[in-house]
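Each protein sequence line maps, in turn, to chains A and B. FYI, our numbering numbers position 30 of the first sequence as 32, with every residue one higher than the one before it. FYI, our numbering numbers position 74 of the second sequence as 513, with every residue one higher than the one before it.
Straight-line distance between alpha carbons at most 20 Å, and here's what the computed PhoX-like set of lysine-lysine pairs gives:
hint	chain 1	residue 1	chain 2	residue 2
1	A	46	B	461
2	B	495	A	100
3	B	460	A	46
4	B	497	A	100
5	A	253	A	318
Listing some non-contacts, in silico: residues in chain B with all C-beta distances to chain A over 10 Å:
hint	residue
6	441
7	469
8	517
9	518
If you are wondering where the hints come from, they were derived from the structure by calculation, not from laboratory data. Using N, Cα and C, we set each Cβ at its ideal position, and we do this for glycine too.
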Amino acid sequence: MYIRSAAAVSPQASFEALFTGAAGYQGEQLSCIEPDYTSYIDPKLIRRMSRIIKMGTAAAVESLKAAGLEQPEAIITGTAYGCLADTDAFLSRLVEFKEELLSPTAFIQSTHNTVAGQIALLLKCHRHNNTFVHKGFSFESALLEARTMMGENEITTALVGGVDEIIPASHALLRRFGLYRANGDSLRLVNEPAKGTMAGEGAAFFVVDTQQSANSLARLDALQTWYKPSTPNRVADGINALLAEQGIEWKDIDLIVAGRNGDTGDDALYDLFKKDIPETSFKQYCGEYPTATAFGLWLASHILHEQRVPGVEGLKPRRILLYNHYQQTHHAAYLLSAC
Amino acid sequence: MEQLMQTLKEQIIRQLNLNDKKPEDIGNDDPLFVEGLGLDSIDALELIVLLQQEYKIKLANAEEGQTVFRSIRTMAQYITDRQAQDAAAS
Numbered sequence: 003m004y005i006r007s008a009a010a011v012s013p014q015a016s017f018e019a020l021f022t023g024a025a026g027y028q029g030e031q032l033s034c035i036e037p038d039y040t041s042y043i044d045p046k047l048i049r050r051m052s053r054i055i056k057m058g059t060a061a062a063v064e065s066l067k068a069a070g071l072e073q074p075e076a077i078i079t080g081t082a083y084g085c086l087a088d089t090d091a092f093l094s095r096l097v098e099f100k101e102e103l104l105s106p107t108a109f110i111q112s113t114h115n116t117v118a119g120q121i122a123l124l125l126k127c128h129r130h131n132n133t134f135v136h137k138g139f140s141f142e143s144a145l146l147e148a149r150t151m152m153g154e155n156e157i158t159t160a161l162v163g164g165v166d167e168i169i170p171a172s173h174a175l176l177r178r179f180g181l182y183r184a185n186g187d188s189l190r191l192v193n194e195p196a197k198g199t200m201a202g203e204g205a206a207f208f209v210v211d212t213q214q215s216a217n218s219l220a221r222l223d224a225l226q227t228w229y230k231p232s233t234p235n236r237v238a239d240g241i242n243a244l245l246a247e248q249g250i251e252w253k254d255i256d257l258i259v260a261g262r263n264g265d266t267g268d269d270a271l272y273d274l275f276k277k278d279i280p281e282t283s284f285k286q287y288c289g290e291y292p293t294a295t296a297f298g299l300w301l302a303s304h305i306l307h308e309q310r311v312p313g314v315e316g317l318k319p320r321r322i323l324l325y326n327h328y329q330q331t332h333h334a335a336y337l338l339s340a341c
Numbered sequence: 440m441e442q443l444m445q446t447l448k449e450q451i452i453r454q455l456n457l458n459d460k461k462p463e464d465i466g467n468d469d470p471l472f473v474e475g476l477g478l479d480s481i482d483a484l485e486l487i488v489l490l491q492q493e494y495k496i497k498l499a500n501a502e503e504g505q506t507v508f509r510s511i512r513t514m515a516q517y518i519t520d521r522q523a524q525d526a527a528a529s
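Bound conformation, chain A alone:
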């Protein structure tokens, strides 16, 4: 499977901005830098869209534009939390108005598949449309479905994305679990391990294709997930097997893109893979959230295409291992090659 284009609405302005001055955030969370949506979406549609829908739709439109594709053969998204702002609005009114006088718009837009649905409406695309809601595997599930459909010759192109947003109510609930550090500094997140990480959000979309094209960013050679591995070594063994299946060894990996989030407990697992291979990480740019690997894949794809690594001088990687785990339960490894 080839990654023909990748676009993201994230806490960073662009891939280029990671070299000229990455955006840093203080406190508990990183928030998306939102574009002028009127250049992506009909203003008449914007008024009904909550932030996550606008973020997802803009990233999808940008990705399609970069790929030069008007109609994908499938639209597949992954989201753990879905459209939280609309869900919050709908449920709050349900309580406030004692289950009467409910706004239909918030109800309609509160479902997890709203982003994929809005993209389809915008494109007038009546093809396969699916959304996966599998916590830390939501994005991986979307990508795996695209790969499966391609393997069965059902499609040759797909628009695949991962989206999640932070709202005050969800953040307040998640912080009760002690997930976040109080006075975080995002750009130092990974370099200063401590208890807790910083929350993040974002929308990243990809046009994937069975065929390589002149502008393909990267080739996705393999993707594998492990749910609640019995021991950390099981993931290490799994990655070893993954490399063997591809006929390569660790020495063939030029760069590891790791999902380190600065939390000492979480980051200990990444140390299992220390193989004297250059490593970079991505959550200092996007924060921690269940579909953060979509941002990680966006970053890895652009690194391979542009042959530049933010924060690492002179490295021109041809093969990348992207490894991430979400709260030590959802582990995913992507093997990518330059085109």
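Could you slot chain B onto chain A? The hints should help.
Chain B only, in chain A's frame:
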């Protein structure tokens, strides 16, 4: 009536997130649906909620909506009539 129409315009802009509109952009007799403001069936549901929430008025039947929601003036007239009926009944 003029004050009620002004209030209705402000409430509709807020309820329907018509962020690019100001009350003065909406004529009292402009059609609300399709042409004019360009509202659609989901907006009609929002307007029904608005009537209930702000004026405690429930539409007697769905067909009424077509005439009631024709313009700001017809909405204001309907609210005024219903409030007068309710006052007379109580």
